[in-house]
Each structure stands twice: as C-alpha cells, then as structure tokens.
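Chains as they are written, first to last, in the working numbering: chain A, 645 to 890; chain B, 71 to 373.
Calculated from the structure, these hints are not laboratory results.
A portion of the hints provided could be inaccurate.
Said to hold, decoys possible - Away from chain B, derived, C-beta distances all over 12 Å, residues of chain A:
1) Arg656
2) Pro688
3) Pro851
To be verified - Covered stretches of chain A (chain B as the covering partner; in silico rule of three or more C-beta atoms under 8 Å from a C-beta of chain B):
4) 700-713
5) 722-736
Unchecked claim - Subject to a maximum C-alpha distance of 20 Å in a straight line, what follows is the list of computed EDC-like cross-link-like pairs (lysine to aspartate or glutamate):
6) A/Lys734 with B/Glu273
7) A/Lys734 with B/Glu270
8) A/Lys731 with A/Asp762
9) A/Lys731 with A/Asp744
10) B/Lys267 with A/Glu723
11) B/Lys205 with B/Asp146
12) A/Lys731 with A/Glu749
13) A/Lys734 with A/Asp762
14) B/Lys205 with B/Asp265
15) B/Lys267 with A/Glu704
16) A/Lys731 with B/Glu360
17) B/Lys267 with A/Asp792
18) A/Lys734 with A/Asp744
19) A/Lys734 with A/Glu785
20) B/Lys267 with A/Glu793
21) A/Lys731 with B/Asp265
22) A/Lys734 with B/Asp265
23) A/Lys734 with A/Glu723
Glycine included, each C-beta is placed from N, C-alpha and C at the ideal position.
Chain by chain, the residues:
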Amino acid sequence: MSATVAAPPAVRAAGVVKRFGAREVLRGLDFEIGPSEFVALLGPSGCGKTTLLRLLAGIEQAQAGTVEVPESHSVVFQEPRLLPWQKVWKNVLLGLPGADRATAERALREVGLANHADAWPVTLSGGEAQRTALARALVREPQLLLLDEPFAALDALTRIRMHALVRALWEAHRPAVLIVTHDVDEALALADRVTVMRDGVIQLDEPVPAAARTRGSAGFEALRRRLLDQLGVAAPTTPDAEERHQ
Amino acid sequence: MNTIETVENNGRPLARNAGAAVSDARAPSRAASRAAADGARATRGARLRALAGTVARRAIVPLALLALWQLAAALDLVNTTLVPPPSEVASAFWELLTSGRLTEALGISLTRIAIGLVIGIPIGLALGIAAGLFKLGEELIDATMQALRTVPFVALIPLFILWLGIGDVSKVALIAFGVTFPVYMNTFAGIRGVDAKLIEAAEVFGLNRRQLVRQVVVPGALPSILVGLRYALGLSVIALVVSETVNANSGIGALVSDARQFLQTDVVLVGIVVYSVLGLVGDGLVRILERRLLSWRGSFRGA
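Excised from the complex, chain A in its bound form (with noise of 0.2 Å):
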C-alpha cells in the first residue's frame, strides 16, 4: 500500500488481546488501514471480526496492545439502529445537535432518500432504513467508516444497490473504510485489500487489484478460491468461471 508509506496510517492496532472471560477472542493482533483505503475483513462467524470492528470504534476496550484511531469515526451496524421516535432527518443528525435540517436532506439526497426526510423509521424498508444508517455514518464526515455486516440482512437485490452506492459514497467522501462481513464476494465486490481473521489474528491480507474486481475474472476466481480456502471453506467455481474453462 502506497498510500500508507507516504501517510500515517488512519487506524493503527497492535498486539491486541481482547478476552471476554476465559475465551480469548484477539490473541496479539495487528491490523492497519490506510487514510482513505477501504479494506474488508472476512471470518467465520464467531472469529472475532465483529469484536475488532467494536474496538476499533470504542465500544469495546482491549485488554492488552494499543488501538489507534481518528477522532471522527462512525459506524453502520448490522441493523439500523434508528431512534424510532425521530423521523429520519432527526435521525441523521443523531449527537450533532448545532447541524440544521439542510445538512440532513443533503445527506438523504446522497443516498436516493430525499423524499423521506419526514418519514417515521418505522415506515422505511429494510435498504431505505439501512441507507439512513449511511446518511446518519456519512454526514460527519468521518476519517473512519466502520461497517458491521451493514447488509447481511437484506435482499440480495437491495444488496447489490447497496454495494454500488457504498463503493460511490467512498469515491465521494473518501474516508477510510473497514467492512466486516463474511460474504466472500461482496468483500472483492467494494474493498481495496481483504483481510481474513483467524484464531484471534491476522491469517491473510492481500490487495484486490482491480483486474480482479471483475467477477468471472482469472484473477478473481482466484483470489476468491484462496479467500474461501482460508475460512475453511472448500470452494465451489462460480457457474460463469466453470461455463469459460469447458
């Protein structure tokens, strides 16, 4: 990564133990993201990822090692965790309270939901409520974007709208972003490097070149194989890559 020689690195982890009982979740742990990279992080469920996702975001604190991260960070988590009491431009502006309402319909807009500034929470769909999630993460312009599984519970049409408008958000706003998510395509799908947790570190961390962003691609099929193989997954081609190899 280039662009993290020539700046300091926007979140810096190192040798992080976080223990939750017994169970020793982070066991030594390093993990860096350059300003502006956008980097996702797979594992089987129950790894780990999400605990570094809330550590990285100060919800969690470790027991042992240093985590360091910008001032301005926000988070979309899996469910929107919108205040259902506030109709969603109140929502936006969440803990900014000098921000007026403009800054929130701009926000909206950013995301396809200038219509339902006025809307209750509880009238939006599942990707209209998590968009507001994103308006709400993106309108304090945060060094740090920290994504927690923000799509697994939607559709997969509304899924693949999300990615784009994610990976469109990123190019507009530039912040650094860490998505935690164990879909294997949807990390090649929005991140610059993938990283892959395991027993409590690191396993795997390799760039996605943009050759290999392209699904059906040699170079994605192969990395997407070496993902898989990592998370102990025995991996199935893709129909499209088995139709090109006959």
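Starting from the structure of chain A, add chain B where the hints point.
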C-alpha cells in the same frame, strides 16, 4: 457533498416520475397536489363513514341490554324498587344534575382524585426514574417498592383513618398510595427495557449521558410509562370508590350511601354510572396522550 443517484427507492423505482405522482402527495406539480387534495377529502369522507359504522356496531350490544332491562321492568318481571328501569335512572340523573347535588358531589370527588394523582404520579415517576437510571437507585428503592406493592392498598384504609382521620386527607392519601406503584413499576421497567443497541449506537455517535437520557431513554420508556399512567388512573377511581364507600361525608360516595339508606336504588345506580364514567374519561385522556406522544409507532389496530 455531491449528489449520487445510484440507488432508487426499493421496490418502487419510478416513484418520482410523473405517472406515479398521484400516489405521492409531496410531488411538486400542481395537478398532483390537487389530485392529492381531492384524494384526502375522499378518504376523510370514507374514514368518517367507517367511524360511524364501527361506533354503531359497538353500540348494538349495550343498547340491546338496556332495552331488555327496560322491557323487563315494564312487564313487571323484576322488582322496580330494587331494579329501577333505565328510564327512571335517567330521570334521577336529570334531577340530581338540575338540583346541583351531582355537580357538587362530583366536584368534591374529582378534587380528591386530582390531588391524589398530583401527589402519587410524580412520586412514582421520580422513584421509577431514579431506580431505572441508577444502579444505586435500584438497590435503594426497588426491594422496598416491590414489598410495598404486594400490600393490597385497600387494606390500609383503617390505618389511614386512624392516622389521618375520616376526612379528605385519608382518602387522598389512599389514592396517592395506590397510584404510586403502577407508575413506579412501569417507569422502572420501561427504562430498563430500552433497546441496548440504540443506546450503544447513540453513544458511538457521541451523545453524552444527559442527551442519552433525553433523546433515547425517556422516549424509549414512554410507551411503558403511559401504560403505568393508565393503570394509575383506573386505580385512582377504585381507591376513590372504596374510600368514599367506607366512610362518606361528601362526594359521590355520600350521595350513594344516603340513597342506599332511603332505598333510592335509582340514585345508587346513577352513582355507579358516574364512577364508571370517571374511569372511562381517565382512560380516554391517556389514549389521547398516547396518540399524540407515540405517533411514531405504526401499531397493529386489528383487522
């Protein structure tokens, strides 16, 4: 921030196009807004008709019962001294109203309830908030409140009469005591039941403790607090009736017990009806409050 039009509305990607404007009252075109206004008028008429229908259907059973009752009295199937027909109860009500006796008695009883509520509700709220927000508050308050809650408050009447006399003070004290517990219980449970994930999110977005309480905890606990309020108003009427029935020198209770001595069953029935209307009015008031404060809840209303 620059606009990125990548994602359309889920499931209705063309909602912003003109063809769909009728369904969208916020669409800027004038034709669309006129259509929307017409639509609103039409739906208001339909809503009124639906309301009239549901009111009529709800009234069928009580009206039928009243008619049966009247018929039974007219056919001499019941002793009208003990079971006066609805028409007699109505005329007794009119007499009490025009003579001013009912208004006076009602004023006295309402004042007792009001003072009892004004004392009891804030105490229940304050204790519930203290126990709900602070671990120390819970440790200090909750066990005592749970123990006191199990005392049937009606059983305290003799004690309150000994301590406070047979006047208004003991009645007000009973109402205040009875009302405190449902408010306390529901406030405490409401605060502790606020979604921990919302609190976590609010903390991530930088809310301090005061903002957290104001923007997340209190609104989150409000539905439960209003349930407590509803119980409290219902209980306040029960406490009033019991304390006025046990010893009544004024108020609706006195009206009823005087009537009992002179075998004026119609007046007794008027008293009962007035008591139940008090309960209904209290319930209605909290319902209005709920509709105003909890408009964000899109709740199931029955099919």
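A quick look at each hint next to the structure:
1. With a cut of 12 Å on Cβ distances, A/Arg656 stays outside the contact zone with chain B, its closest approach being about 20 Å.
2. Listed as a non-interface residue, A/Pro688 keeps its Cβ farther than 12 Å from every Cβ of chain B; the least gap is roughly 23 Å.
3. Separation of A/Pro851 from chain B is adequate, the least Cβ-Cβ distance of about 25 Å exceeding the 12 Å criterion.
4. Residues of the stretch 700-713 of chain A with a Cβ under 8 Å from some Cβ of chain B number 3, which satisfies the need for three, so the listed coverage holds.
5. Figure legend: the stretch 722-736 of chain A, annotated as covered by chain B; annotation consistent (6 residues with Cβ-Cβ distances under 8 Å, at least 3 required).
6. Proposed proximity of A/Lys734 and B/Glu273 is supported: the alpha carbons are some 16 Å apart, at most 20 Å.
7. Our distance criterion of 20 Å between C-alpha atoms is met by A/Lys734 and B/Glu270, whose separation comes to about 18 Å.
8. The straight-line distance between the Cα atoms of A/Lys731 and A/Asp762 is roughly 5 Å, inside the 20 Å bound, and the hint therefore holds.
9. Distance restraint check for A/Lys731 and A/Asp744: the Cα-Cα separation of roughly 14 Å lies within the 20 Å cut-off, and the hinted pair is therefore satisfied.
10. The suggested pairing of B/Lys267 with A/Glu723 holds, with an alpha-carbon distance near 9 Å, which does not exceed 20 Å.
11. A C-alpha spacing of about 66 Å is found between B/Lys205 and B/Asp146, which places the hinted pair above 20 Å, so the restraint is violated.
12. This hinted pair checks out: A/Lys731 and A/Glu749 have alpha carbons roughly 12 Å apart, not beyond 20 Å.
13. For the suggested pair A/Lys734 and A/Asp762, the alpha carbons sit about 9 Å apart, so the restraint of at most 20 Å is met.
14. Annotation: proposed proximity of B/Lys205 to B/Asp265 holds, straight-line Cα distance about 17 Å (limit 20 Å).
15. This hinted pair checks out: B/Lys267 and A/Glu704 have alpha carbons roughly 14 Å apart, not beyond 20 Å.
16. Taking the CA atoms of A/Lys731 and B/Glu360, the gap is about 17 Å. The hint holds against a cut of 20 Å.
17. For the proposed pair B/Lys267 and A/Asp792, the alpha carbon gap of about 13 Å is at most 20 Å, so the pair holds.
18. Of the supplied pair hints, the one linking A/Lys734 and A/Asp744 holds, its CA atoms being roughly 9 Å apart against a limit of 20 Å.
19. For the hint pairing A/Lys734 with A/Glu785, the CA-to-CA distance comes to about 17 Å; that is within 20 Å, so the pair holds.
20. This hinted pair checks out: B/Lys267 and A/Glu793 have alpha carbons roughly 15 Å apart, not beyond 20 Å.
21. Distance hint between A/Lys731 and B/Asp265 is fulfilled; the C-alpha atoms sit about 18 Å from each other, no more than 20 Å.
22. Note on A/Lys734 and B/Asp265: the hinted pairing holds, with a Cα-Cα distance of about 19 Å set against a maximum of 20 Å.
23. Distance hint between A/Lys734 and A/Glu723 is fulfilled; the C-alpha atoms sit about 18 Å from each other, no more than 20 Å.
The structure is inconsistent with hint 11 alone, although it conforms to all the rest.
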